[in-house]
Amino acid sequence: DAGVIQSPRHEVTEMGQEVTLRCKPISGHNSLFWYRQTMMRGLELLIYFNNNVPIDDSGMPEDRFSAKMPNASFSTLKIQPSEPRDSAVYFCASSPGLAGVSGNEQFFGPGTRLTVL
Amino acid sequence: SQQGEEDPQALSIQEGENATMNCSYKTSINNLQWYRQNSGRGLVHLILIRSNEREKHSGRLRVTLDTSKKSSSLLITASRAADTASYFCATAVNDYKLSFGAGTTVTVRA
Chain A
1 DAGVIQSPRH EVTEMGQEVT LRCKPISGHN SLFWYRQTMM RGLELLIYFN
51 NNVPIDDSGM PEDRFSAKMP NASFSTLKIQ PSEPRDSAVY FCASSPGLAG
101 VSGNEQFFGP GTRLTVL
Chain B
118 SQQGEEDPQA LSIQEGENAT MNCSYKTSIN NLQWYRQNSG RGLVHLILIR
168 SNEREKHSGR LRVTLDTSKK SSSLLITASR AADTASYFCA TAVNDYKLSF
218 GAGTTVTVRA
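In order, the protein sequences belong to chains A and B. Counting from 1, one number per residue, gives the positions in the first sequence under the working numbering. Counting from 118, one number per residue, gives the positions in the second sequence under the working numbering.
If you are wondering where the hints come from, they were derived from the structure by calculation, not from laboratory data. Incorrect hints may appear among the rest.
As the list claims (entries may be wrong) - Listed next, the stretches of chain A that the computed footprint assigns to chain B, with coverage defined by at least 3 CB atoms under 8 Å from CB atoms of chain B:
| id | region |
| --- | --- |
| 1 | 11 to 23 |
| 2 | 36 to 46 |
| 3 | 50 to 62 |
Stated by the list, open to error - Straight-line C-alpha distance at most 30 Å; calculated DSS-like pairs for lysine-lysine:
| id | chain 1 | residue 1 | chain 2 | residue 2 |
| --- | --- | --- | --- | --- |
| 4 | A | Lys-24 | A | Lys-78 |
| 5 | B | Lys-214 | A | Lys-78 |
| 6 | B | Lys-214 | A | Lys-68 |
Using N, Cα and C, we set each Cβ at its ideal position, and we do this for glycine too.
Start from the sequences and build out the full structure, keeping to the hints where you can.
Okay, here's the thing in structure tokens:
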């Protein structure tokens with residue numbers, strides 16, 4: 001299994017540009033998560049999908065951020081327009097089930113390092 | 118806000134020594150997970166301990182859980198250079214959401 005695949009690995013863009021991050025979860029996993037990691041705020045959950053449906057997007061910082069999951073094997077996180085404060089590492093993770101009682105682990109992709117100039 | 122907090126923030130040890138880090142959390146839990154993150158990589162799951170367990174082993178890793186103190190510890194025995202990484206504890210805030218601590222950065226010196 002290739003694990004969670006993210007692209008691009010690095011993205012450098014200028015303020016105001018649109019950025020699209022892509023994720024392919026592990027086949028058979030029905031939960032998908034987008035996280036943002038910064039030194040200041042640590043690892044933050046942005047949005048959670050279950051069976052391709054967004055369940056919790058309360059972590060999405062503002063309307064400039066949007067995420068979609070058109071099918072079980074693909075998800076995108078879009079920032080439009082991008083701002084310098086969006087610079088961070090964005091991780092996609094997938095899981096075969098729930099974390100709460102079941103304790104299912106999350107499988108993380110390698111991340112996309114985004115720099116907005 | 119973060120549910121779990123690791124201590125210390127950073128740890129530097131000699132190869133072959135043991136490394137111990139702690140995690141404190143705020144609310145009752147069903148289980149607690151530990152993850153490792155190597156520089157420039159994603160997080161990797163290490164071990165899960167359930168609330169009815171007090172200790173668990175996996176290779177050179179030993180995890181303890183004290184629900185009365187709302188704390189957990191991760192011990193890495195006979196450390197190697199490859200153990201250099203950041204270590205995070207994670208607890209479930211609800212059915213799907215994991216809350217990660219700020220992490221402990223471990224440096225193993227050759």
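| request: Three residues minimum, CB to CB under 8 Å: does the region 36 to 46 of chain A make the cut for coverage by chain B? Let me know. | output: holds (count 3)
| query | When you check the alpha-carbon spacing of Lys-24 of chain A and Lys-78 of chain A, does it fall within 30 Å? | reply | Holds. Lys-24 of chain A to Lys-78 of chain A sits at ~15 Å (cutoff 30 Å).
| Verdict on chain B covering the region 50 to 62 of chain A, criterion of 3 CB contacts below 8 Å | Held - the region 50 to 62 of chain A has 3 residues with a Cβ nearer than 8 Å to chain B, which meets the minimum of three.
| Given coverage of the region 11 to 23 of chain A by chain B, checked by CB-CB distance under 8 Å (3 or more) | violated (count 0)
| task | Compare the distance between the alpha carbons of Lys-214 of chain B and Lys-68 of chain A with 30 Å, and conclude whether the hinted pair is satisfied. | result | Answer holds: Lys-214 of chain B to Lys-68 of chain A is near 18 Å, not above 30 Å.
| Restraint check for Lys-214 of chain B with Lys-78 of chain A, where alpha carbons must lie at most 30 Å apart | Holds. Lys-214 of chain B to Lys-78 of chain A sits at ~21 Å (cutoff 30 Å).
Hint compliance for this structure: hint 1 alone is broken.
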